[in-house]
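Full structure from sequences and hints, please.
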Amino acid sequence: MIKAVMVMNTQGKPRLAKFFEYLPLEKQHELIRSVFGVLCSRPENVSNFVEAESVFGPDSRLVYKHFATLYFIFVFDSSENELAMLDLIQVLVETLDRCFKNVCELDIVFNYSKIHTILDEIIFGGQVLETRSTEIMRAVEEISKLEAASNAITLVPKSASGWLSR
Amino acid sequence: MGSQGGFNQSKEFLDLVKSIGEARSKAEEDRIVLSEIETLKRCISEPDIPKRKMKEYIIRLVYIEMLGHDASFGYIHAVKMTHDDSLIVKRTGYLAVTLFLNEDHDLIILIVNTIQKDLKSDNYLVVCAALNAVCRLINEETIPAVLPQVVELLAHPKEAVRKKAIMALHRFYQKSPSSVSHLISNFRKRLCDNDPGVMGATLCPLFDLITQDVNSYKDLVISFVSILKQVAERRLSKAHDYHQMPAPFIQIKLLKILALLGSGDKQASENMYTVVGDIFRKSDSSSNIGNAVLYECICCVSSIYPNPKLLDSAADVISRFLKSDSHNLKYMGIDALGRLIKISPEIAEQHQLAVIDCLEDPDDTLKRKTFELLYKMTKSTNVEVIVYRMIDYMISITDNHYKTEIASRCVELAEQFAPSNQWFIQTMNKVFEHAGDLVNIKVAHNLMRLIAEGFGEDDDNGDSKLRSSAVESYLRILGEPKLPSVFLQVICWVLGEYGTSDGMFSASDITGKLCDVAEAYSSNETVKAYAVTALMKIYAFEIAAGRKVGMLPECQSLMEELLASHSTDLQQRAYELQAVIGLDAHAVECIMPSDASCEDIEVDKGLSFLDGYIQEAIEKGAQPYIPESERSGVLNIGNFRNQDHHEPSHGLRFEAYELPKPAVQSRIPQALLPSTEIVPVPEPMYPRETYQTPVTPIPSNPSNAGSAELKLRLDGVQQKWGRPTYTPETSTSNSTSQKSVNGASAVNSTRETYASRKPQVEISHEKQKLAASLFGGSSKPEKRPASGHKVSKASSHMVEKSHVPNSSMEVASEKTVPAQPPPDLLDLGEPTATSTAPSLDPFKQLEALLDTTQDASAANGATAASRSPDVMALYADTPVFLHNKDDADLLSGLSNPSVTNMPGATARPQLTQSSSKGSNPKDSLEKDALVRQMGVNPSRQNPNLFKDLLG
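Sequence order for the protein chains is H and W.
Be aware that the first sequence starts at 1, since it is given in full-length UniProt numbering, and climbs by one per residue.
Be aware that the second sequence starts at 1, since it is given in full-length UniProt numbering, and climbs by one per residue.
FYI, nobody ran anything at the bench for these hints, they're computed from the structure.
Among the clues, some could well be false.
[Claimed, not checked] Partial chain H-side listing against chain W, Cβ under 8 Å, derived:
hint, residue
1, S79
2, S113
3, I143
[To be verified] So these bits of chain W aren't anywhere near chain H, every CB distance computed over 12 Å:
hint, residue
4, S557
5, E589
6, K605
7, Q615
Idealized CB from N, CA, C, for every residue including glycine.
The structure is reproduced here in structure tokens:
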């Protein structure tokens with residue numbers, strides 16, 4: 001299963017971090033930091049795989065991909081295939097690209113919740129759910145459409161205190 | 001959709017992100033975030049916040065938490081948002097809680113109700129959001145609350161929902177297999193779902209289930225094969241293609257499953273050959289995902305029952321991977337090679353140069369993978385090259401985790417395949433020098449033992465050469481600055497034991513070095529202790545050899561320091577050293593025999609050397625020793641038996657008086673026994689009875705799924721009772737053990753043959769040489785038995801040796817006293833006892849000590865003891881000579897005669913009797929008879945003792 005998905009920029013600032021097994025906040029940050037430490041010390045033109053057992057414990061592998069100013073990182077165990085995970089990163093990035101038209105770091109920063117929505121369509125509870133970016137896009141668009149609709153309805157004031165009292 | 005993407009963010013959020021992005025230091029960022037937290041804390045608790053605003057705040061909280069700051073004050077607001085009707089607010093709430101909370105968080109209880117409701121929602125997006133939360137937030141106890149709804153969703157018209165429901169069920173299975181064990185058939189059913197996506201999702205839980213228990217799913221082999229065939233033949237719609245590959249992720253999952261099912265099963269494997277061969281042919285090796293499928297095929301082929309044709313295809317793919325320029329493919333190639341050489345070892349040599357290239361690659365990951373491969377293919381012919389390489393690499397890295405791993409692998413390989421002990425010691429030295437503190441202490445003990453034992457054969461010359469070379473190398477290594485503690489311990493021990501044994505180095509050389517060590521590592525008590533003990537050994541050997549001992553000034557100052565050390569261990573060692581130096585050659589030789597660390601210390605547990613003494617004592621009328629087991633509780637019976645045995649004629653007389661008492665004693669446990677047996681019987685009945693009542697609602701449970709929330713608690717209760725029925729774990733262990741057996745046999749077969757062949761390509765001479773040493777040379781199929789065998793052989797006294805340095809008390813006891821004398825029977829006043837003892841007699845030694853040292857106190861103590869029973873004084877004196885509890889007992893034994901003043905009367909049993917017996921007249925009568933029977937006249941020797949006995 002997939003243990004974690006991280007997106008961070010080349011300065012080590014986390015842009016997205018999703019852990020599929022609960023970890024305390026401090027631990028999450030320690031991991032993000034140590035992953036960055038490993039990644040930034042790797043030379044160019046080497047493999048996209050890193051031994052992650054020293055960071056994430058036994059039976060864990062890490063695959064990363066470097067796009068412009070961002071690192072996309074997947075951490076998973078032996079039940080997944082490294083090359084396939086590399087392609088899953090590709091799926092994620094392709095989807096983001098479709099969604100934002102030439103995705104860049106700022107898109108990810110400013111559309112934080114949307115990135116989560118997309119990721120939720122790709123990975124569900126640590127398992128790969130969908131790998132077709134058209135399908136993912138369709139689902140995400142439907143969600144945003146319905147959300148917009150529900151938002152429009154609730155814009156009609158329904159007395160804000162009403163939902164608080166519930 | 002532009003970059004705003006319909007998820008409009010407010011200006012504040014944008015400003016926050018921007019200012020954090022522009023922060024130049026971590027401190028500045030922290031300051032910004034902290035002020036943001038303050039703002040949010042204030043804002044979020046205001047009444048009547050518009051929903052949009054609230055959602056905005058929550059997103060900001062999530063963002064803050066991602067940056068590593070605590071946002072727990074806002075959790076409750078996120079929980080509240082999940083209750084909202086608006087989809088967007090609800091989804092934001094769910095997103096926030098899945099990121100904020102874990103399944104055991106206190107707030108979960110507030111969400112479970114909402115989740116239950118949302119799982120039944122008409123809006124499938126709400127259902128999806130709830131399922132998402134279910135995966136993350138439901139724990140073992142709350143599973144029953146949502147399980148019925150999730151199961152119902154397996155038949156939802158939307159395939160997206162079905163997929164997620166399966167995943168959620170899978171998640172439940174991972175968290176608590178027993179809670180969904182009755183629902184596992186659902187996974188099989190969903191395998192036939194119309195939608196390929198749902199079918200693909202089902203493979204995830206099935207993969208887990210099959211990993212746990214292969215045999216229950218053998219019937220699915222045909223189905224899996226046919227699905228894989230259809231996928232590979234592009235029977236799925238074009239929509240499932242990914243980079244021109246038909247549903248590659250499904251193919252990969254299926255291949256993984258087939259690998260599990262076909263492992264060691266010829267019949268199942270035969271069904272798979274065709275389809276795997278097809279995929280080998282059809283997969284596009286130019287795309288990444290195509291290679292992923294190919295790699296998975298290799299894994300499958302190496303796992304299932306071998307098929308020569310498929311192995312050939314696999315070897316072809318591997319060579320394509322290894323020849324590729326992509327590091328990723330090289331990595332996969334090396335990994336695949338490691339899998340395949342288990343089955344066909346000969347393929348490794350085709351790729352020897354590629355492997356060596358990978359070993360020199362700048363990519364660390366690839367290097368490590370290659371070392372893993374080398375580790376798998378090590379044999380006695382190439383162990384030197386491989387370990388040499390590994391150590392080189394080990395020295396170059398800083399990552400402690402991997403350093404430890406590679407060090408332990410070096411040690412393992414060296415122990416298994418070492419061509420010579422010399423090489424082994426050198427290798428170990430290197431490992432210790434560079435990764436000493438990361439190595440298991442056992443490795444150090446093994447090394448010490450190997451040096452002490454030598455080759456294990458009768459080659460004394462070789463052994464001493466080995467030791468000299470070890471000593472020499474250690475003296476050289478000691479010059480290095482900062483050595484690991486474990487290594488220093490080994491060095492000190494070897495120097496102490498063998499430093500002067502070959503005459504190459506004088507005692508002052510070695511002691512000087514040892515003092516340097518103790519001084520240089522003065523903060524490390526263990527090393528110091530080793531050094532002091534080594535010093536003691538050196539001096540002892542000097543004394544034993546009849547040479548005069550001149551203590552170096554630095555050694556003397558060290559001793560002075562240690563005599564006042566805060567560590568009692570060090571202090572004791574120092575005192576021991578002082579005492580040993582004061583002894584004469586004969587005594588020292590007994591205490592510290594040269595090169596005797598491997599001698600088995602014979603412990604005569606039967607204490608046979610005391611037989612003569614006991615015999616004599618019994619003849620004199622002493623009572624035989626009654627083992628404690630017979631003595632406790634049923635003392636009387638034991639006495640009776642003995643009396644019967646000795647004088648059956650008296651038996652009758654005692655029976656009349658004494659029978660009732662032992663009878664009662666023995667009857668009580670008998671009466672108790674059945675009652676304790678009865679008690680457990682009704683106990684299991686309680687759970688059974690109570691279990692049956694709640695069990696009845698269970699079947700109706702899934703159908704009642706729609707009923708009220710009240711059910712929640714009931715379900716939880718049922719689960720509690722139902723839990724013990726869970727069984728799958730036994731089968732797990734079965735399957736894994738089976739697997740490991742297969743793996744082991746496969747490994748053995750890899751060691752079979754590696755024919756040497758010249759590298760086909762013209763490459764630099766150096767590389768060719770390396771390749772030849774790695775892959776070439778005739779191979780010895782079996783592991784070198786000598787060292788491995790030795791390990792097991794020696795392990796018996798390993799135990800003793802390993803704690804030699806830990807406590808000098810034991811050193812003394814092991815070397816001076818061959819057996820533990822029984823304190824009860826000791827009587828130094830009896831000359832016959834010592835004469836019957838074996839040659840290495842503790843008493844004699846003690847006497848020798850006492851005589852030669854002329855240190856009057858103990859000798860006086862011994863003689864004085866007969867006059868005055870001043871045991872404490874004796875104890876106070878003893879540590880100077882022997883810091884040994886046994887010997888202290890021995891000495892206290894000296895004082896025994898003065899206390900009891902009655903040779904032959906064994907004190908302990910009688911004394912315990914006297915203490916356990918009250919002033920019961922019957923008991924005293926019995927005593928009286930007993931005493932008379934043993935032929936001891938109370939009035940004759942010590943009336944006081946018998947006064948006590950008789951009350």
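So, going through the hints one by one against the coordinates:
| no. | hint | verdict |
| --- | --- | --- |
| 1 | S79 | holds (7 Å) |
| 2 | S113 | holds (6 Å) |
| 3 | I143 | holds (6 Å) |
| 4 | S557 | holds (45 Å) |
| 5 | E589 | holds (52 Å) |
| 6 | K605 | holds (44 Å) |
| 7 | Q615 | holds (63 Å) |
Going through the hint list in order, the structure satisfies each hint without exception.
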